[in-house]
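Two chains, two frames, a set of hints: combine them into the complex.
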Amino acid sequence: MSAPGNGGARGAAFDAVVIGAGANGLVAAARLAKVGLRVLLLERAESLGGQGAVIEFAPGFRAAPLGQDPGWVPPAVVRGLGLESLAADPADAPLSVAIGPGSFLTLSRDAERAAEAIRVHSVSDAAKWPAFTSQVHRLAGFLGELYRTPAPDVGLTSLGDVPALLGLGLKYRALGGEGMIEFLRTLPLSVWELLDDWFESAPLKAAVATGGIQDYRQGPRSGGTGFVLLHHLVGAPVGSMRGRLPWRGGPSAFTEALEQVARRAGVTIRTGAAVARVTVRDDAAEGVILANGEEIATRAVLSTADPTRTLLEWVDPVWLDPEFMHAVGNIRYRGCTAVVMFALDAIPEFPGLASQEALAGLVSLTPSVVALEKAADAAKYGDVSENPHVEITVPTLRSPALADGGRHVLVARVHYAPYRLRDGAAWDPARRDALADRVTEAIEAVSPGFGARVLHRVAMSPQDLEERYGLREGAPTQGELGLDQILFMRPVAGWGRHATPIAGLYLGGVGTHPGPGILGGAGWLAANRLLGDRRGGKGRA
Amino acid sequence: MTPRYDAIVVGGGHNGLVAAAYLARAGRRTLVLERRHVLGGAAVTEEIFPGFKFTVFSYVVSLLRPEIIRDLELPRHGLQILPLESTVTPLDNGDYLAGWADPDETRRELCRHSPRDADAAVVFGRLMHHMAMAVKPILGMVPPDPTSLSPGDLAGLLKLGGHFRSLGPERFHALHKLMTMSSADYLDEWFEFGPLKATKSASGIIGTFLGPRSPGTAYVLLHHYMGELDGAFRAWGFQKGGTGGISESIAGAARAHGVTIRTSAAVERVLVRNGQATGVVLEGGEEIPAKIVVSGLDPRLTFTRLVEPKDLPDSLVEAVRRFKFRGSSGKVNLALAGLPNFTCIPGEGPHLRGAVSISPSVEYLERAYDDAKYGEFSRHPYMDIVIPSMIDPSMAPPGKHVMSVFVQYAPYNLNGGWTDAKREAFGDTVVDTIARYAPNLKSLILHRQVLTPLDMERITGLSEGNIFQGELALQQLFFLRPAPRWAKYRTPIRGYWQCGAGTHPGGGIMGASGRLAAMEILRSTP
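First to last, the sequence lines map onto chains A and B.
First residue of the first sequence? That's 44 in this note's numbering, and the numbers climb one at a time after it.
First residue of the second sequence? That's 637 in this note's numbering, and the numbers climb one at a time after it.
Same shape as in the complex, but just chain B (with noise of 0.2 Å):
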């Protein structure tokens, strides 16, 4: 007897909900499984507090592939992305440091600092355009195993050569550079005003365990642009009704494809038989077959909770070993009674539309890292600050705010472990900080949540809370992602395949992976 399904997609993330919704979309009977009682993975919005409403995790969007808003007609399905109207950067001297959505304003600002830098950043936007521009394709592409001599992936490796013949040796060599360099070190190629190189770097280090003067850092740099790129929108925008509303428009086209989704539905691990996936098994002992068995979950709870690595090569369950999470980063979200008040720029003002970020200087993020190193949570983090509330006034009561701090370094690995009194202590920092910059805030606050990594692979199941499913370092990329071989999105039990950030090209709410997985499916399964 066939299987009531053709595929069944594990984790209701974003990534899977994409793969579920390409597959049904070319004709497959497709379930998704996902263990908690809400959609979306790491894109989640959730009434932390009544009438607060939270981008718990995940809290902005630039690199939704454009492919798929098409495709899959997310507006249509309530996608709808508000512009984040400004980045604000209070320095310690008590001025600031912005950019704003209006080009000149954000060059006469940048003027205000140094006409230099204002100058080099319009040859440096540029450059980091072409530069998104010679990456897209890759990322839109399945890596070609280098090792193999099947003609697809030397097919494969020709056309990159030749993308990146076609690039022409400047660009390629700025590409390298950008894929090597620190963060630090590039920016300082460029400008000369502390504040904007540690505002720039920051984008680098974000997601992962290393300091803007660790080399490897700089390439991040490039998502700022590459979500400008495709954008109708800006660089980073917010979801109306939080992150959550993303994975809801996702879904939302996915069920009108036929697509069946079960929430509150835990798989236990994927059924083989003889080197085949035949289905999976929930916790609670049920049973569904199915011709196919798609994870959207990190590698190693791919590899090594629902699958037995008996049933894999010594080789790649190394691969997986080693393969770096390290979750980096902490959430804290509040629910304000107002709004706080900035020093910088008092009252209330379009900067409050926008993120502001605790970044005064490169030093202080390579500080702040220094001590996430040794196993401690950084004593002055830096911070990325957006009021969700300020663009979507949905999102919480009125005259009240929700606000969401995206908090670097706090690290998985805690000297003696996180303890409830640990995430408070670590809570406490991230707000002294922010009121040394809002000194309303502390008044404002009626609820607070804090979210540590630990917190965080509890709830979404992210291995040690990294919020790319990996690490995103240059050894863990395209076909070394998630390990050499099995980067094109199978693995070796036959029916069983990957499709999560964990993959190429992984990070951010892009739905590449889920994407370029269900294609790779429906090219190789009838």
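The shape of chain A in the complex, shown without the other chains (with noise of 0.2 Å):
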């Protein structure tokens, strides 16, 4: 589809221009559609999906780096957008941790399995497992129920919120004494810490802590990482540590139920649109203006592109006022995941490792909390971890199309590999190959012959995600998920409800509330405040 010419500053084209293709963009565009707004989604890249999207990145091998976690998509948005029937695969995606060569700790969704396979390190973290994971996921069961409304704020808490809060004060309450306490107590504490307080065990430790430190450049001693295993829980399935249900259709399944659900609604999706600008007149949002200089007149602007490229990059300064740019410019993003991938002749064997299931699942080649800490030490001062953590997958064994000929992928995400590195050094391609090196001799260890299987080898670096997916320091997260970046923080304090100080211009990424991991949860909130705020006569509406 192509959009319509450009109508000029006045007579706007568009109700509203969404800008980012990715879950967030997808949702928003079909939510202002399906109540009746002409919306035009744009997209830089040539293909939708933004994080999710699958990348052949090798001849007949495609893999969606950063979408090994499917992510939730909350109920609001399953219901409003009618994708009732897009099914997740309810297999088992267990985590699994190598302890040394020829030996592996598998925990499966199945709390009885998982203590089954742990009480051979210990009897007595193996009778706690199944409370614990009950407990966990309580704590990212309430997390959740924040994450489908705007954020409370003690400042814009208005008496519409009321009902709202009401019901999460009851909700909250509903977790009863302990649980209550326990989700305050859980925020700030480590995942170190908190496992600590629960089990003895080495490997559990280890395996269960990488979820504390998912994209986040802190090591698992670091306070707040309690909450980042929290975050990645939320809408995950029970029993399950690290991230939530596959979808049956292979990774690209939402993103391509999405693209239908919009055009279905009537959205115009433009891809290679590369914005440039966004025009503001009188305060107020009129139009952008892409990369080749098109430019396109809307009565509102949804931008899921990180906050800081948004309002720092495509708004001209006289519009905002030196505070808030201020905390603009503060967000910190701080990416340091890297990826590489690797394209098979045939599955490499692990051995020890229990099963295929569980190379489907997650399997996280750091053997205890300490070592993952101490990868973690190198990124604060700049540096790669000489001994990065490496958590690898084989999607084809669930998606067998993603490769060509019955062969294999194999992705590995990588920590740290910070986005600045020291002395402002630069992610060359040999610094890109002597980390992927150390990714295959890890691998390799655990996996003997490895090596001979592999056909093609890409790596990532942050410095490439950011170029490939438009994300800021190759952050996933779009600002790291510290206690003071999310909520009502989140991108920016006393702005997390996606508004900005310009009208009709609208902030509804994965920066935004609720953050990484919601699928169309930010752009779903975004998409209700533009229309809330069109009710309202607020802005350009």
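It is worth saying that the hints were derived from the structure and are not from the lab.
Just to be clear, a hint being listed does not mean it is correct.
[Said to hold, decoys possible] Per the computed footprint, the stretches of chain A lying under chain B, defined by three or more beta-carbons under 8 Å from a beta-carbon of chain B, are: (1) 261-273; (2) 523-529; (3) 532-538.
[Unchecked claim] Simulated pairs of lysine-lysine, DSS-like, Cα-Cα distance not exceeding 27 Å: (4) B:Lys960 / A:Lys417; (5) A:Lys417 / B:Lys1058; (6) B:Lys1009 / A:Lys417; (7) B:Lys960 / B:Lys946; (8) A:Lys214 / B:Lys795; (9) A:Lys171 / A:Lys214; (10) B:Lys946 / A:Lys171; (11) B:Lys960 / A:Lys171.
In this text, a Cβ means the ideal position worked out from N, Cα and C, and glycines have one as well.
Okay, here's the thing in structure tokens:
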């Protein structure tokens, strides 16, 4: 499809321009179009899906390196866009950890099976496991409640929010005395301390701790990693320690379903359309200018790009006050995740690993929390970990279509590879290859002969991820999940509800509440805000 | 027969003495029992070497609550705080960064390094002042239990909610950031000059087992400003005669109100008869009955040594087990034949009447933390150095001096455990590091006292040598300090109370825990 010609700054051609066709952009666009708005969806890349996009990294080999964890679709989005038919694959996706060559601990989603595996290492840990999993999932469940609604805020809370707040209050009380305390106590806690409170077995702690440092430039000893663990378990099936259920239709199922919904709702979708500016007049957004100079008039702009790009790069600073720009400039991104994709001629052998089912899940190669912490130390000083934390999965076991001719793909996520290197050093190919070599060695160590199976190897540093996905500093979080950058503090204090100081300009990306891993959560809330303002007669509506 | 005492306070630390003084002031017959021969707990002055008096552990004061100073008329009993004039940070390039008593002088000094930071510092100071204002009422309130529906707790929670609303969004958000960020990140938003950020963030790590880049270290920055806020004096001061003088003045006030104080009287355990505290037994068997017993000891001792865990609910025992102490700081006290000569400011000068902070960069502090994380003491530690004899000459013989060096990090659980050899190695590391900035130091040393966290535990009883009776981490504050549901100074044992720094608000020579505990006791026991 192509957009109607530029209607000029006056008669706006569109009621809303949504920037970015990732989960949030697609959801926001569909939501707006469904209520009759004329919506244009602009995507910089040639394909849709944003972070979830499947890329062909080698001839005949495809992967969604950032889409390993499919994420959670809030019920409101499922209902509102009719995504009920979108089925998740209920198959177990265990979390395993390599203890040493030939030895793994595999945590099935089934608490009993997991406890069985743990018993080998610690009887008392095995006994506590079911209680631990139900506890963290209960707390994550409450976090999920917070993620369905606009973030409550001391300043912004208005009478209209009272019902929602009361609802939250009741759900909070429903956690029970212990639960309420544990929730408050766990957020600032380090995942290291959290696990020490419960367990003694090193491999068990090492496995679970990986959830607390995902895309976070901190080690498991740092405060707030308890929250990160909970955040990534929101919407995950009980018992799972890493990630949500994959789509039955493969990694691209969600994007494809959404694209259909959006197109059916009448959304105009343009790919390869990079935005260069958001034009503002009288403190209100009036259009966007594309990289090719094309001007598109609109009454509202909803950007799912990161807040810094949207506000500091696309908007003329004259429209924003310095304090606000200072706050936006202070958002911490801190990409520290690299990915290495391997094209394999056959499924590699992992002696001691329970089953292929484990490879379809997630396998961490880091045997202890101390090793995780040491990997994090380097990043604090802008260095790449000597012994990085590597976690791998073989997506072709569940989605054979990702590789032609029954061959396989192995995706490795690597911590810590800081976007900003000491003394401004660049992520040149040499450095990237060195990292990829270290990853290959780490895998070879637990899978003898792995190297021989590799047909192609493609590594992406945070800088590559930034270029490919438009993620600032290569951070999939678009703003790291520190306790000072969530809820009403996301993206910046006091602007947690998707509006900006510029009327008609909204933020609905992962960088806004509720953040990464909540598919369409931010886009949905942002679209609601936009519609609410139209009804309220605010902005250009 | 009614016991001779209404209340027995276990532990003659400053909080215990404050609690006792307030109880006696309200007419309760009160007895304080201190295990050591000297009062004050971690706030003591001792003549370790003939003629040389040391503020052995805690060495400066800024947070002592003004209402306590007033209520107990502490100046009348010898409280006399002398200002610490300055803070000087020697830089590795031979230069220095100084903060002086005179704000204009400080501004000029800062301009020398970064005009931008000099401007930012003004705004920053104002914000910190407001933040301290925002926190102050919380320091003075008994933490409500968020899980309880009792009128008292709901009222407390509403009061708290109202307080936060009254701050307005801007200050509430600023407070939220301060409570959750790392001091390094927080200061990065304000300043550019590394040594300034390092010296400021150093205050965020004191007494914790966290590095300046660990989230949760920012809010301790406030402490520097809270003192300033209340004080008739400046942020940090030095008690005449050493920190022990503060304890003595509180003890004096307590005695004046009729408190009986016994030293060298170690409590073996608290007597409990069917869920009710009835007194204490001393080591040696002496039994002293009392209507209530108040423990000034840390939560671990209060709940697992003085009483039987079997008398407590499992949830509390578990919470106390989880409560983090992790002593991370050491202390080196030096008797000097003369004054150290810092190469960055040669000779004698006002800088020797203030603090010297060894914190050249945030990375320096963070690496010091990395050593400790893996069970070693820092090879290049953070140090806060004062020379009390420059402020109060009576601390040392004429012409001679005492130097107090607070050192971080020194983990309580050292790899292989602390030995005499390792203690001395630690002392050498400290002296060598200071000597890098003051080369003549070694030649001046007459005596040296090195205290590891283990030594602090042995001498003062503080579990794991944590100077705050438990880390001041977000998950151990307010209604979580020391344990959920038991943050209101009560315990599950009737007539058994807590008043140490292990309760809200805790930390530093504040006395607030002792005062709030006494208030709670007086409110709820006839």
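Verification of the supplied hints:
1. Three residues within the 8 Å Cβ limit are the bar, and the stretch 261-273 of chain A against chain B gives 5, so the coverage statement holds.
2. For the stretch 523-529 of chain A, the stated coverage by chain B holds: 3 residues have a C-beta nearer than 8 Å to a C-beta of that chain, and at least 3 were required.
3. Here the stretch 532-538 of chain A counts 3 residues with a CB under 8 Å from a CB of chain B, which clears the bar of 3, and the coverage holds.
4. Between Lys960 of chain B and Lys417 of chain A the alpha-carbon distance is near 22 Å, which keeps this suggested pair within the 27 Å criterion.
5. With a CA separation close to 24 Å, the supplied pair Lys417 of chain A and Lys1058 of chain B stays within the 27 Å bound.
6. A threshold of 27 Å between alpha carbons decides the hint, and for Lys1009 of chain B with Lys417 of chain A the separation of about 10 Å falls inside it, so the pair holds.
7. Distance restraint check for Lys960 of chain B and Lys946 of chain B: the Cα-Cα separation of roughly 22 Å lies within the 27 Å cut-off, and the hinted pair is therefore satisfied.
8. Restraint check for Lys214 of chain A and Lys795 of chain B: satisfied, since their Cα atoms lie roughly 22 Å apart, inside the 27 Å limit.
9. Straight-line distance between C-alpha atoms of Lys171 of chain A and Lys214 of chain A comes to about 25 Å, which keeps the hinted pair within the 27 Å bound.
10. Restraint check for Lys946 of chain B and Lys171 of chain A: the C-alpha separation of about 22 Å stays at or below 27 Å, so the hint holds.
11. Restraint check: the Cα-Cα separation between Lys960 of chain B and Lys171 of chain A comes to about 21 Å, which is no more than 27 Å; the hinted pair holds.
In this structure, none of the earlier numbered hints is contradicted; all agree with it.
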